[in-house]
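There are 2 protein chains.
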Amino acid sequence: MSYFKNFMEANEAYVNLHGTAHLPLPPKTKVAIITCMDSRLHVAQALGLALGDAHILRNAGGRVTPDMIRSLTISQQLLGTREIVVLHHTDCGAKTFTNDKLKQQLKKDLGVDVSDYDFLPFKDLEKSVKEDIALLKESPLIPDDVLISGAIYDVDTGRMVEVK
Amino acid sequence: MSYFKNFMEANEAYVNLHGTAHLPLPPKTKVAIITCMDSRLHVAQALGLALGDAHILRNAGGRVTPDMIRSLTISQQLLGTREIVVLHHTDCGAKTFTNDKLKQQLKKDLGVDVSDYDFLPFKDLEKSVKEDIALLKESPLIPDDVLISGAIYDVDTGRMVEVK
Numbered sequence: 015m016s017y018f019k020n021f022m023e024a025n026e027a028y029v030n031l032h033g034t035a036h037l038p039l040p041p042k043t044k045v046a047i048i049t050c051m052d053s054r055l056h057v058a059q060a061l062g063l064a065l066g067d068a069h070i071l072r073n074a075g076g077r078v079t080p081d082m083i084r085s086l087t088i089s090q091q092l093l094g095t096r097e098i099v100v101l102h103h104t105d106c107g108a109k110t111f112t113n114d115k116l117k118q119q120l121k122k123d124l125g126v127d128v129s130d131y132d133f134l135p136f137k138d139l140e141k142s143v144k145e146d147i148a149l150l151k152e153s154p155l156i157p158d159d160v161l162i163s164g165a166i167y168d169v170d171t172g173r174m175v176e177v178k
Numbered sequence: 015m016s017y018f019k020n021f022m023e024a025n026e027a028y029v030n031l032h033g034t035a036h037l038p039l040p041p042k043t044k045v046a047i048i049t050c051m052d053s054r055l056h057v058a059q060a061l062g063l064a065l066g067d068a069h070i071l072r073n074a075g076g077r078v079t080p081d082m083i084r085s086l087t088i089s090q091q092l093l094g095t096r097e098i099v100v101l102h103h104t105d106c107g108a109k110t111f112t113n114d115k116l117k118q119q120l121k122k123d124l125g126v127d128v129s130d131y132d133f134l135p136f137k138d139l140e141k142s143v144k145e146d147i148a149l150l151k152e153s154p155l156i157p158d159d160v161l162i163s164g165a166i167y168d169v170d171t172g173r174m175v176e177v178k
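So the sequence lines, in the order shown, correspond to chains F and Y.
Okay, so the first sequence: first residue is 15 according to our numbering, each after it adds one.
Okay, so the second sequence: first residue is 15 according to our numbering, each after it adds one.
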């Protein structure tokens, strides 16, 4: 069974609400938000974003990786964003495993050897936010005058708390 | 001026609507959606997703990169997803540049030499969706029985059209 058909049906109803309007490609607030793929975090609603407001970048954990730096470079240098928010969250999947354990599982279940991979798990949420902010500040591709904030989202209450 | 404070204020109102509820970590539909960071695409609304329904992965272009494979591996092997939707969109920033042009700009404006980078631009939307589906099918980390669909989202109308 595939859910793709369900999404296409739901999209039909969305199209009726959306109407036709062309918003500009560069985000209005000039902000890029980097956060986790978690299903319990709906970024636009939780941060009050309207269509066209901000870039939203998401991977497992909301970690700053080379792909996120690639994306932020496009966001900033081509589309004019000047601010980044790093948003991690409670009950994150990245806290549930270790690299060693996951690599053993992949070898056993899929027959794949990924001994050189880092799946970027973490144990401490405040520390992971600070680590990722540090990676952004160290990157020569992120200019020094870009504003960077960090926060933790509580998936049970919907509340964001700033990491200072 | 920073927008972070505005997001924190909007989040206060969201918390009041959210209430307190614990949803499980594994996504209900067992789907991971990989799409672009574009500000004009609000994934949950456009696909009719409730909180807890699906993983949402986003980078510049919605491209299948090593970081997306890392994230999908965690999504599938640790959190039980069994389906992927690749969703690219009209008027994408990835269609507005070439690697050469962006690299020259980065050297000139930031003094950074990234000659070995691929920023993953594309020219043809159907082709880019098919390319990324092919990358997923080729990856040894994505099991053969995972369902994969592709679609293009129209940022002016909100409509998704399947890529077959």
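Careful: at least some of the hints might be erroneous.
Copies of one chain are not kept apart here, so a pair can be met inside one copy or by any two copies together.
Claimed, not checked - Lysine to aspartate or glutamate pairs mimicking EDC-like chemistry, simulated, CA-CA at most 20 Å apart:
1. K19 with D138
2. K19 with D130
3. K109 with D170
4. K121 with D158
It should be emphasised that the hints constitute simulated quantities derived from the structure, not laboratory data.
Cross-check of the supplied hints:
1. Taking the shortest alpha-carbon separations for K19 and D138, neither the intra-copy value of 39 Å nor the inter-copy value of 24 Å comes in at or below 20 Å.
2. When the C-alpha separation of K19 and D130 is checked against a cutoff of 20 Å, the pair qualifies neither within a copy, at 37 Å, nor between copies, at 40 Å.
3. When the C-alpha separation of K109 and D170 is checked against a cutoff of 20 Å, the pair qualifies only within one copy, where the shortest distance is 16 Å, while the shortest distance between copies is 39 Å.
4. Taking the shortest Cα distances, K121 and D158 sit within 20 Å of each other only across copies (16 Å), while inside one copy they are farther apart (42 Å).
Taken one by one, the earlier hints fail for this structure at numbers 1 and 2, listed in ascending order.
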